[in-house]
Amino acid sequence: MRRKRAIVPTVLAAGLLILVLHPFLWLILSTFKNESDIVQYPPTFFAGRYTFLQYIKVWESIPLLNFICNTVIYAGSVVVISSIVDSMAGYAFARIKFKFRNQLFVVILISMMIPSQVLMIPLFLEEHKLGILNSYAGLILPKAADAFGIFLMRAFFTSLPKELEEAARIDGLDEFRILFVIMFPLCIPGVLTCAVFNFVGNWNDLLYPLLMTSSAEMRTLSAGLAMFVGDRTIEYGPTLAASFISLVPLILIYIFGQKYFVQSFATAGIKG
Amino acid sequence: MTVFLFVPLIMAVGISCFNINIFLTDISFSGLSNYAQMFQDSRFLNALKNTFYFTFLEMPIHVALGLLVAVYVSKNTRFRKLLRSAFYLPTVCSMTAIGILWSFLLDPQIGLYTHYSSLIGLPSLGFLKDPVMAMPTVVLLTVWKNFGSTMIVLTGGILSISQSYYEAADIDGAGAVTQFFRVTLPMLVPTLGFCVITNTMANMQVFDQIYIMTQGGPLFKTETAVSYIYNVGFKTSPMDLGYASALAVVLSIIIGIFALTMNRYFLRKEAGEI
Numbered sequence: 001m002r003r004k005r006a007i008v009p010t011v012l013a014a015g016l017l018i019l020v021l022h023p024f025l026w027l028i029l030s031t032f033k034n035e036s037d038i039v040q041y042p043p044t045f046f047a048g049r050y051t052f053l054q055y056i057k058v059w060e061s062i063p064l065l066n067f068i069c070n071t072v073i074y075a076g077s078v079v080v081i082s083s084i085v086d087s088m089a090g091y092a093f094a095r096i097k098f099k100f101r102n103q104l105f106v107v108i109l110i111s112m113m114i115p116s117q118v119l120m121i122p123l124f125l126e127e128h129k130l131g132i133l134n135s136y137a138g139l140i141l142p143k144a145a146d147a148f149g150i151f152l153m154r155a156f157f158t159s160l161p162k163e164l165e166e167a168a169r170i171d172g173l174d175e176f177r178i179l180f181v182i183m184f185p186l187c188i189p190g191v192l193t194c195a196v197f198n199f200v201g202n203w204n205d206l207l208y209p210l211l212m213t214s215s216a217e218m219r220t221l222s223a224g225l226a227m228f229v230g231d232r233t234i235e236y237g238p239t240l241a242a243s244f245i246s247l248v249p250l251i252l253i254y255i256f257g258q259k260y261f262v263q264s265f266a267t268a269g270i271k272g
Numbered sequence: 273m274t275v276f277l278f279v280p281l282i283m284a285v286g287i288s289c290f291n292i293n294i295f296l297t298d299i300s301f302s303g304l305s306n307y308a309q310m311f312q313d314s315r316f317l318n319a320l321k322n323t324f325y326f327t328f329l330e331m332p333i334h335v336a337l338g339l340l341v342a343v344y345v346s347k348n349t350r351f352r353k354l355l356r357s358a359f360y361l362p363t364v365c366s367m368t369a370i371g372i373l374w375s376f377l378l379d380p381q382i383g384l385y386t387h388y389s390s391l392i393g394l395p396s397l398g399f400l401k402d403p404v405m406a407m408p409t410v411v412l413l414t415v416w417k418n419f420g421s422t423m424i425v426l427t428g429g430i431l432s433i434s435q436s437y438y439e440a441a442d443i444d445g446a447g448a449v450t451q452f453f454r455v456t457l458p459m460l461v462p463t464l465g466f467c468v469i470t471n472t473m474a475n476m477q478v479f480d481q482i483y484i485m486t487q488g489g490p491l492f493k494t495e496t497a498v499s500y501i502y503n504v505g506f507k508t509s510p511m512d513l514g515y516a517s518a519l520a521v522v523l524s525i526i527i528g529i530f531a532l533t534m535n536r537y538f539l540r541k542e543a544g545e546i
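In order, the protein sequence lines correspond to chains S and H. Each residue of the first sequence is one higher than the last, beginning at 1 in my numbering. Each residue of the second sequence is one higher than the last, beginning at 273 in my numbering.
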């Protein structure tokens, strides 16, 4: 009786699994198809023959290498810088007593609520005035600290026992040494959770790099790909190959860092 | 942080009171005229309508699917853990790549899924090229991509419900359906509230999938508030940043009102007042 009832949901779940994975499989297969097999009618899932050609053509048809470099530099340095800044700020909010600490933290929480669009145009003008539009600095600096990261890191530091830093303070360590030698290593899981979340977010972001960069040489993967798709100037095969290439790093990070993704979302859930 | 967050915030309100274009020429003070202008702007009202349509069609489907799947995968068997990882996969991917992928699959001529739908006897569908179908198609794709994140959050919520409630319900002879409505659902209200609110806020800012897949077309049927703001400020001349900024401020206020109202509703629900 119990077994029988479980069959229907299992079948539905398996069906959903196919629906979720099928487009990915099609994408992978299609990047190895010939142009004529991609555009043929009626379309088919499999092709008669497979080729590696699209992966060679894609480098010639769009500045993919540029995009990849930009994205790695942008997402990578944002992750490194914001991990450091966020954990310093989080530590300060969790442990050091200073004037207006609670008020300042409330301000940071409020800033999490503001939709990013309202900040886009002023940010654009500000960068224009500072002359850092369309540069790495312009991309990276506004993202150097984020409220969610500070919030998360503060939660991690608060959960550590106070005796640790008191012992360190008695041993004569200054605050920076306490943070980086004693506390930071204990927070590695927290930092990684933050970092993974941050990296994926920036890697995928579209509107922000679209506005802050104007030349094709400065575009990130998602902004650059969007530009070429909008133009419809390149062939289908290379477009698909480029899309797949842009997904590979994320899928790899996901496979190896799965528990950090789940953790970041679990924490996000507690927040609500 | 101060420089890149609070200065822009104050500037945003300031800029919205000026006539200003992207080349920073002819700047003049215009008071509230940018705000008055938008009530006569039928394209903005249309974009706002599309945004609401998208948000309140996507959000219920998204949360309901996320909840159903979460209930199923929240038992720790190997198959269900695999499902969890697989359903979360599209969430990690960029909307750009996913958008490109799906516009191929749903292409009216060479799309594989268009072909499948005609194989099972449906009339030939235009999907993204059809004025009536375009928005529901974007909604479906967004649900497909994002329901995994809601599922993960809700699974966490379900797993943290104490097993003793279910044991008590079992002894009282409650079936699986009753247990879902009388135990799981009431205990999940805070988590569900979080999902509904964050999802609504994100949906009101929908941009990526529109930009990649439809560019607001056909016939402006999928143009959303943010894509219109982008259009006004950065794409079509005269690149009116003042007006775009006013639109952004109004959109944020609308989002804020929705978030606060929903938050109050869920807090009262949690307290058992409703």
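Mixed in with the good hints, there may be bad ones.
Unchecked claim - Below, simulated DSSO-like cross-link-like pairs (lysine-lysine); rule was C-alpha separation at most 30 angstroms, straight line:
| no. | chain 1 | residue 1 | chain 2 | residue 2 |
| --- | --- | --- | --- | --- |
| 1 | H | K353 | S | K259 |
| 2 | H | K347 | S | K143 |
| 3 | H | K401 | S | K57 |
| 4 | S | K259 | H | K493 |
It is worth saying that the hints were derived from the structure and are not from the lab. Since this is a predicted model, take the numbers as computed values, not measurements.
These are the hints, each one checked on the structure:
For the hint pairing K353(H) with K259(S), the CA-to-CA distance comes to about 12 angstroms; that is within 30 angstroms, so the pair holds. Taking the CA atoms of K347(H) and K143(S), the gap is near 38 angstroms; set against the 30 angstroms cutoff, the hint is violated. Under the criterion of a C-alpha separation no larger than 30 angstroms, the hint pairing K401(H) with K57(S) is consistent with the structure, at around 29 angstroms. About 40 angstroms separates the Cα atoms of K259(S) and K493(H), which puts this hinted pair outside 30 angstroms; it is violated.
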